[in-house]
Amino acid sequence: MSKFKKNSKKESPGINTSSLPDIVFMLLFFFMVATKMRDPKVLVTTAVPIVSEVEKVEKKSWVNYILVGPPRDPAVAGTAPRIQLDDKFADVADVQQYIILKRNEHPEAIRDYLTTSIKSDRSVKMGLIQDIKQELRQVNALKVLYSASGGEVHEH
Amino acid sequence: MADIAFLLLVFFLVTTTMDTDKGLRVKLPPYPDFTNPPPKTEQYERNVLEVLVNSNDQLLVENQLMSIEGLTKLTKDHLTNEGRNPKLAESSLKAIVSLKNDRGTSYERYLEVYNELMRAYNEVRNEYALAKYGRPYNDLPGNGESAKDVKTKYPMKISEAEPVSYGEGG
Chain A
1 MSKFKKNSKK ESPGINTSSL PDIVFMLLFF FMVATKMRDP KVLVTTAVPI VSEVEKVEKK
61 SWVNYILVGP PRDPAVAGTA PRIQLDDKFA DVADVQQYII LKRNEHPEAI RDYLTTSIKS
121 DRSVKMGLIQ DIKQELRQVN ALKVLYSASG GEVHEH
Chain B
1 MADIAFLLLV FFLVTTTMDT DKGLRVKLPP YPDFTNPPPK TEQYERNVLE VLVNSNDQLL
61 VENQLMSIEG LTKLTKDHLT NEGRNPKLAE SSLKAIVSLK NDRGTSYERY LEVYNELMRA
121 YNEVRNEYAL AKYGRPYNDL PGNGESAKDV KTKYPMKISE AEPVSYGEGG
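The listed protein sequences derive, respectively, from chains A and B.
According to my numbering, the first sequence is numbered sequentially starting from 1.
According to my numbering, the second sequence is numbered sequentially starting from 1.
These aren't lab readings, by the way, just hints derived from the structure by calculation.
We put the beta carbon where it would ideally sit given N, CA and C, even for glycine.
Keep in mind that the hints are not guaranteed to be accurate.
To be verified - Listed next, the in silico SDA-like pairs over lysine to any residue satisfying Cα-Cα at most 20 Å (straight line):
(1) 153(B) / 46(B)
(2) 143(A) / 29(B)
(3) 27(B) / 111(A)
(4) 59(A) / 143(B)
(5) 132(B) / 82(B)
What the hints assert, rightly or not - Beyond 10 Å from chain B on every Cβ pair, some chain A residues (computed):
(6) 11
(7) 14
(8) 16
(9) 29
(10) 42
(11) 49
(12) 55
(13) 82
(14) 113
(15) 144
(16) 148
(17) 150
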């Protein structure tokens, strides 16, 4: 058994690292695929209407969202359409405060460019939307985007 | 192997889109100053195209029941009338579209109507830009003279009435 003795005297060979990049890339892809963008908690259903003349927002961080629609969990919040600001249910009266808060997060120079996106379910009645619009006008948040998905409404 | 990995990486980088928000962009009128009301301007009735949507989502244009299919056409006629038809606008500069809705109108219907009005403006602007500058409006250089000209020729004046509450829910 002189063979084994010979080997044990030698230094152990270094670990083969040629597959290391593969492992790193595998991890990278795993996280890329598995990671979701921060998904805000959505409490209301917002099936937005389809319109043809859609425009995109220029800058995502300059947009504040107001979600309107029937609650997802009717057992807790009922079936009447509600307003959602950030992660909570809110009333029409809270809209002004919300806009002012959001506005203060931005430097003065760009405050005029802030857009409010009203993401509303198609079933919502205009009365509620009108109330929100009035609130927005009162805090001078006049740039509004009626959120909708692009598409053809009807054949011409 | 690394090549394949990079290929995949680039592929995902290119194909992944952050979902950007899309929709109809509007500008609300400033909140009325009740202590210091603006002077009333006289608008000739012919310059105002009156669009009403009631709580049953029915459309009334210039006091006539109408289906939504004809709205774009009529709005375009209104904008490009230039005084020919005595019932429509005197000139594109004076043309106004007035949109009124009930509190009971559905949001979907409201946007549908708004969309038709926007479509009419966009089409009219496009046609004008094509005829004068040989390009559609959106292809004109952003802040250039030509784009400004089209915009001044067909200013988007969609006026929304101050909300009035009828009966319940006011």
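Structure-based check of each hint:
1. 153(B) / 46(B): Within the cut-off at roughly 18 Å; holds.
2. 143(A) / 29(B): holds (9 Å)
3. 27(B) / 111(A): holds (15 Å)
4. 59(A) / 143(B): holds (18 Å)
5. 132(B) / 82(B): holds (17 Å)
6. 11: holds (29 Å)
7. 14: The claim holds: residue 14(A) sits with its nearest Cβ about 20 Å from chain B, beyond 10 Å.
8. 16: holds (14 Å)
9. 29: violated (7 Å)
10. 42: holds (13 Å)
11. 49: violated (4 Å)
12. 55: violated (5 Å)
13. 82: holds (14 Å)
14. 113: holds (12 Å)
15. 144: violated (5 Å)
16. 148: About 4 Å separates residue 148(A) from the closest Cβ of chain B, which leaves it inside 10 Å; violated.
17. 150: Given a closest Cβ separation of 6 Å, the condition is violated.
Hint compliance for this structure: hints 9, 11, 12, 15, 16 and 17 are broken, all remaining hints hold.
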